[in-house]
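Model the full structure from these sequences, guided by the hints.
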Amino acid sequence: MTNPNNVSLNISHELSFIGAHALDIPTVSLLNSDGTLHSDATDPNIDQDTALRIYKTMRFIRALDERMQAAQRQGRVSFYMQCLGEEAAVTASAAALKDDDMIMAQYREQAALRYRGFTLEQFMNQMFSNKEDLGKGRQMPIHYGSQELHYMTISSPLGTQIPQATGHAYSQKVPHIDASTGELSSEINNVTMCYFGEGAASEGDFHAGLNMAAVHKAPVIFFARNNGYAISTPADEQFAGDGIASRGVGYGIKTIRVDGADALAVYAATKEARALSVKTGEPILIESIAYRLGAHSTSDDPSGYRSKEEEANNTDCPIARFKRFLLNQGWLDEAQDDAEDETLREEILNALKVAEKIEKPPLEDLISDVYDTPIPSLQRQYDALKEHIKAHPQAYPVTAGRIK
Amino acid sequence: MPQMNMLQAINSALDISMSEHPLACIFGEDVGHFGGVFRATSGLQEKFGKHRVFNTPLTEQGILGFANGMAAAGAPAIAEIQFADYIFPAFDQIVNESAKFRYRSGNEFNVGKLTIRTPYGGGIAGGLYHSQSPEAYFAHTPGLKLVVPRNAYQAKGLLRACIKDDNPVIFFEPKRLYRASVGEVPEGDFEIPLGKAEVVSQGSDVTVLAWGAQMEIIEQAAKMAKSEGISVEVIDLRSILPWDVETIAQSVRKTGRLVISHEAPITNGFGAEIAATIQEECFLHLESPITRVCGLDTPYPLALEKEYIPDALKVLSAIKNSVHF
Numbered sequence: 000m001t002n003p004n005n006v007s008l009n010i011s012h013e014l015s016f017i018g019a020h021a022l023d024i025p026t027v028s029l030l031n032s033d034g035t036l037h038s039d040a041t042d043p044n045i046d047q048d049t050a051l052r053i054y055k056t057m058r059f060i061r062a063l064d065e066r067m068q069a070a071q072r073q074g075r076v077s078f079y080m081q082c083l084g085e086e087a088a089v090t091a092s093a094a095a096l097k098d099d100d101m102i103m104a105q106y107r108e109q110a111a112l113r114y115r116g117f118t119l120e121q122f123m124n125q126m127f128s129n130k131e132d133l134g135k136g137r138q139m140p141i142h143y144g145s146q147e148l149h150y151m152t153i154s155s156p157l158g159t160q161i162p163q164a165t166g167h168a169y170s171q172k173v174p175h176i177d178a179s180t181g182e183l184s185s186e187i188n189n190v191t192m193c194y195f196g197e198g199a200a201s202e203g204d205f206h207a208g209l210n211m212a213a214v215h216k217a218p219v220i221f222f223a224r225n226n227g228y229a230i231s232t233p234a235d236e237q238f239a240g241d242g243i244a245s246r247g248v249g250y251g252i253k254t255i256r257v258d259g260a261d262a263l264a265v266y267a268a269t270k271e272a273r274a275l276s277v278k279t280g281e282p283i284l285i286e287s288i289a290y291r292l293g294a295h296s297t298s299d300d301p302s303g304y305r306s307k308e309e310e311a312n313n314t315d316c317p318i319a320r321f322k323r324f325l326l327n328q329g330w331l332d333e334a335q336d337d338a339e340d341e342t343l344r345e346e347i348l349n350a351l352k353v354a355e356k357i358e359k360p361p362l363e364d365l366i367s368d369v370y371d372t373p374i375p376s377l378q379r380q381y382d383a384l385k386e387h388i389k390a391h392p393q394a395y396p397v398t399a400g401r402i403k
Numbered sequence: 000m001p002q003m004n005m006l007q008a009i010n011s012a013l014d015i016s017m018s019e020h021p022l023a024c025i026f027g028e029d030v031g032h033f034g035g036v037f038r039a040t041s042g043l044q045e046k047f048g049k050h051r052v053f054n055t056p057l058t059e060q061g062i063l064g065f066a067n068g069m070a071a072a073g074a075p076a077i078a079e080i081q082f083a084d085y086i087f088p089a090f091d092q093i094v095n096e097s098a099k100f101r102y103r104s105g106n107e108f109n110v111g112k113l114t115i116r117t118p119y120g121g122g123i124a125g126g127l128y129h130s131q132s133p134e135a136y137f138a139h140t141p142g143l144k145l146v147v148p149r150n151a152y153q154a155k156g157l158l159r160a161c162i163k164d165d166n167p168v169i170f171f172e173p174k175r176l177y178r179a180s181v182g183e184v185p186e187g188d189f190e191i192p193l194g195k196a197e198v199v200s201q202g203s204d205v206t207v208l209a210w211g212a213q214m215e216i217i218e219q220a221a222k223m224a225k226s227e228g229i230s231v232e233v234i235d236l237r238s239i240l241p242w243d244v245e246t247i248a249q250s251v252r253k254t255g256r257l258v259i260s261h262e263a264p265i266t267n268g269f270g271a272e273i274a275a276t277i278q279e280e281c282f283l284h285l286e287s288p289i290t291r292v293c294g295l296d297t298p299y300p301l302a303l304e305k306e307y308i309p310d311a312l313k314v315l316s317a318i319k320n321s322v323h324f
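In the order they appear, the protein sequences are chains Y and W.
All letters in the first sequence, in the order written, are residues 0 to 403 by numbering that gives the first Met the number 0.
All letters in the second sequence, in the order written, are residues 0 to 324 by numbering that gives the first Met the number 0.
Keep in mind that a hint or two might mislead.
To be verified - Here are the simulated DSBU-like pairs of lysine-lysine, each with C-alpha atoms no more than 35 angstroms apart in a straight line:
1. Y:389 x W:163
2. Y:97 x Y:278
3. Y:130 x W:163
4. W:253 x Y:253
5. Y:270 x Y:322
6. Y:385 x W:49
7. W:163 x Y:278
Derived from the structure by calculation, the hints contain no laboratory data.
Here it is as structure tokens:
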């Protein structure tokens, strides 16, 4: 081996340390706040249909988020998480993928799922953990998942999806490798998209996942949503380096930082990342810079950990910016948009009222899917439970009447 | 039928599994060209390519995260953790991810194609960190299957069943027997069903139960007991999760006595679960208390390994106490 330590062969005779922020990583921004393109920016030539699909997804998610936040305050659902401020980051990045590229998200990426076509009813059924929920009422609200839409079911433990995305992506590359040369013999059909927050990037799984993706060249896009806060912990108490992007360089991963409130920049960067990844098989790291305009979840109040002044200085609404872009393009009729938004909000309220009345999953869903088929000990426990419920039906009103 | 040691039997099971599915991959620390620190994956990279049999960086959580993702994509993922003592950085990926993947998604997704291979157990002068038997930690996690072979033949048949099973399985390999266990093993494919114990030898006075490397010890103890006129029924549990309650209960109804032996520390070891279940199943048939012969509640020692291990003499002593209770 000519370079056993796998480092740059660059000998210096001068004792000097490299600065921690030596890279001075730029943030790519394409749209001005008035929705016009920066004068020196290259137009990514987004088509009208895609642009409108992005916009309508963002509008839907904002309306859903506002409605469900209120529903939690009314005690109708136990928990909710809004996407406020990051709608462009999530939606426009999903728009740059193929619809059958697997998305492995953290939890605040409902917009990516909506972009793929998850219906209002499906959102509601999950949040009310009723029997129509694809997840069979097993996880807290917002833990969506859909095989049909290639959106891996959300898992609460933070960062676990990161090395999983690497393995998932690698598996998609295997059939494209020429066994004799070890090189790619054709373009890879799919990338795996992996979203996570800047807080989750402190987990060990982040390091493991990125390092393995770089070493094994897995076609995965790591999309770090740096929104400034992990619940109450600000980014400057999370890390001291230059954001998350600086780490990509350390792992040997091509990296870009984008303005996460700029749908056009996010779209352009992700599209480019995908094109590169399917061609070379290598991972890409995108760091999106946005501000979490809302709370972490319905369980915290940001006024307890950030100042009014800070919030007043960070009001950049990604939806408004992209709307101005669409209006400038002549692709959106404002009056019609307002009317649609009004109708949408009514539909959401109606769907909520329907979903909260649908009955809970049947008792058999308590034990199904632990294994592909219940193991004998579990079956015995289940049979005993059924007898117990039959003996005390008044104590278990949700399932007592439906036991087979 | 050819003679194989346990490593050759495992290698053969892996070889068949890799040929069976074009997307199957084997990965872990040093499993590539080197063939693993115990050489269980010898020759497989040469046969199936560097892209399907490969070294990973030193990150157990990464190996299991990667494996979960690969299995979720539908490819058989055969991950090696070099020593079971080092599986704990991957505990979250196994316990919170592998085990719950199917359940939490309502069966939208699963990692049924995941198999974790890991050498476990002592008797090799490995001290604290090359000797542990961590099966009980995982036995407390619904969604996993746990399997331990006792010899070369069992290793091949059970490993094939683990890889083909549509649930995540941890296959604990008794490293002390890797080269020591030699026997007839079919060259071709065969499977031994999971979740089924095996009565290794019939007896009438007392049932003695173990798994993996401890089987050799209890068989030795059974022989010693026989010379003292005690007839021992020897059972290999084989699968810890799910475990075969019926075969054990049937035997204990016949003998009226049960001795359970494992290398792991006694407190909360899997023997405790067996004892609790069997006393419930066989209460009126029991002639003496169910007894456990296990490791002490200490970290695994080095210089005093001989004193620590539940050796044949300790098992024999428990057998006699049980019979003469």
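Requested in this report: Go through the numbered hints given earlier and state which of them the structure violates, listing their numbers in rising order.
Outcome: 1, 4, 6
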